[in-house]
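Q: These are the residues of each chain, in order.
Protein chains: 2
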Amino acid sequence: MTEIKKYYIGIDLGGTFIKGGIVDDEGAILVSDKVPTESDGGEKKVAENIAYLCEKLLNAANMTTGDVEGIGMGVPGMIDVKNGLVIFSNNLNWKDFKISEAVGALTGLPVKIANDANVAALGETKFGCGKAYNNTVLLTLGTGVGGGIVIDGKLFEGNRSAGAELGHSVIVAGGEQCTCGRKGCLEAYASATALIRDTKRAMEADKDSKMWEIGSVDNVTGKTAFDYADKDASAKKVVENYIEKLGVGITNLANEFRPEAVLLGGGVCAQGDNLVKPLQAFLDKEIFAGAMGPQVRILTATLENSAGLLGAAALFME
Amino acid sequence: MTEIKKYYIGIDLGGTFIKGGIVDDEGAILVSDKVPTESDGGEKKVAENIAYLCEKLLNAANMTTGDVEGIGMGVPGMIDVKNGLVIFSNNLNWKDFKISEAVGALTGLPVKIANDANVAALGETKFGCGKAYNNTVLLTLGTGVGGGIVIDGKLFEGNRSAGAELGHSVIVAGGEQCTCGRKGCLEAYASATALIRDTKRAMEADKDSKMWEIGSVDNVTGKTAFDYADKDASAKKVVENYIEKLGVGITNLANEFRPEAVLLGGGVCAQGDNLVKPLQAFLDKEIFAGAMGPQVRILTATLENSAGLLGAAALFME
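Chains as they are written, first to last, in this note's numbering: chain A, 26 to 343; chain B, 26 to 343.
Calculated from the structure, these hints are not laboratory results.
One copy or two, either will do: identical chains are not told apart, so a pair holds if it fits within one copy or between any two.
Taking lysine-lysine pairs in the DSSO-like style, the calculated list, with each CA pair at most 30 Å apart, reads: (1) LYS310 to LYS107; (2) LYS107 to LYS156; (3) LYS225 to LYS262; (4) LYS310 to LYS123; (5) LYS310 to LYS120; (6) LYS123 to LYS81; (7) LYS261 to LYS208; (8) LYS248 to LYS225; (9) LYS123 to LYS107; (10) LYS69 to LYS107; (11) LYS310 to LYS208; (12) LYS120 to LYS137.
Just chain A, with the same shape it has in the complex:
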């Protein structure tokens, strides 16, 4: 007996582009494409563009709407998942827009939505580095620190998808200013932005640092301190402090959620073992009840840009 495959449309709705793909229930992307979002044209225009992208994808895959189970969408903003409502989206300039209803009416397909960062966490858990696990926490280490939580294979977003703001947890009360208004958030220590800030500060405090080989602090990236950590004490200190603060944040999440794995995404993860090995050692030492409790593994994301559309499709597979 052959198992009949099911197919889904996954949509990753961004401020500039709408990316989409047709995905099977094992996470294979049959076709993918993108169209401009054109959010300036208003909510109706964006819904039409989504419907147009869905049609393009179905045509490319030689399918009709009858061949797919529905459309899953990751949307930037605060979402009322149950009612398919975007309560507020800064990127799209939307307030109280029933996008599920609008796209459903245009395509005739069932639509499910969730917050885009959370959806990416679901994608990475179902089909990426976390696929061996059903309970994960994802941190994205980029310009900011994003988060996502998967419990028993399902996205956990909190009331109106306003939870999982894992970057906005204070780990140093009264510490570095965060973009959210608070002081000392994980984001203010573990984002690539924070890493760059601390690298610049370290260079300015140590005029003999080998890091000055890059010419100017304007050339500092999230890689600089890691590149020089083996040969420069100031660079090493920046890396150690970064790992310690990120380790504190990860241990906090481990004690709260006790997931099977913490998944790390974003640019800083390119450091691979240089990042993950000391973090895992820190976590194993600091986690509540130490080796008595179940271990929490730290893994780096593997899906890159397709996490969003795969996770969106996975909203139908929860």
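Position chain B relative to chain A; hints supplied.
A: Just chain B now, with coordinates in the frame of chain A:
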């Protein structure tokens, strides 16, 4: 048509006493009683004592095992909920004991277990101050800071019930020593123990403090600083710092879980509005996205000692 009521046995298994009650599905306690735990007698003895207490409760209520749906138990320690297994219990000196099987064999009833602190959170949510809500986080402010998480009316405990260690989240990296080995945990600032430590320190730093009216630092309790906050600057500072640190911890949890309500239990809650009003103001100001997002209410627990057995019975009502 009359709705037929269902009944459950709730057991709160402690190191010294086993407390139990027969509870209906609206949280009314028909009868309650307790027997000594006698954990020195070994796991079998404790299971027998639980079965004996169940029998006593049924007799007192004029019921037989056929009249109840099952036995719910809150157990101190690390629990494998799915397998009814106590992985480890420091209080009872147990390792890998299938308590559900043992009590089930003795009573002929289905048995469900969970961690005792978590079970109390479920009780407070189902039948106490959180009964209007399905998504709550509970913090117990006592000797330590305990935690519990309810999502969609069900207990969330993390892998092997090792999650929800909400007191062991660092809010001041490198700060006060915590009992768990880390430095700067919420527990090290928001427990009654921490409040007493800070009150003593404030008295010792200010020999003119009105708090010296109590005679000696040995007489300091968790109430002292609150009692003098209106008339003594040092006492006021202790209270303000306590509320700020607890506020940081609550805001972190609100950003991560975005529950409908945060429930506060434990001795410090006797302060009522003196505690809750400034905390709510702090949270409303600091929470991610401010007034754009759904509000998180702060409430104080109402069930006191019966939260455990009510929550244990509620394991059958999830």
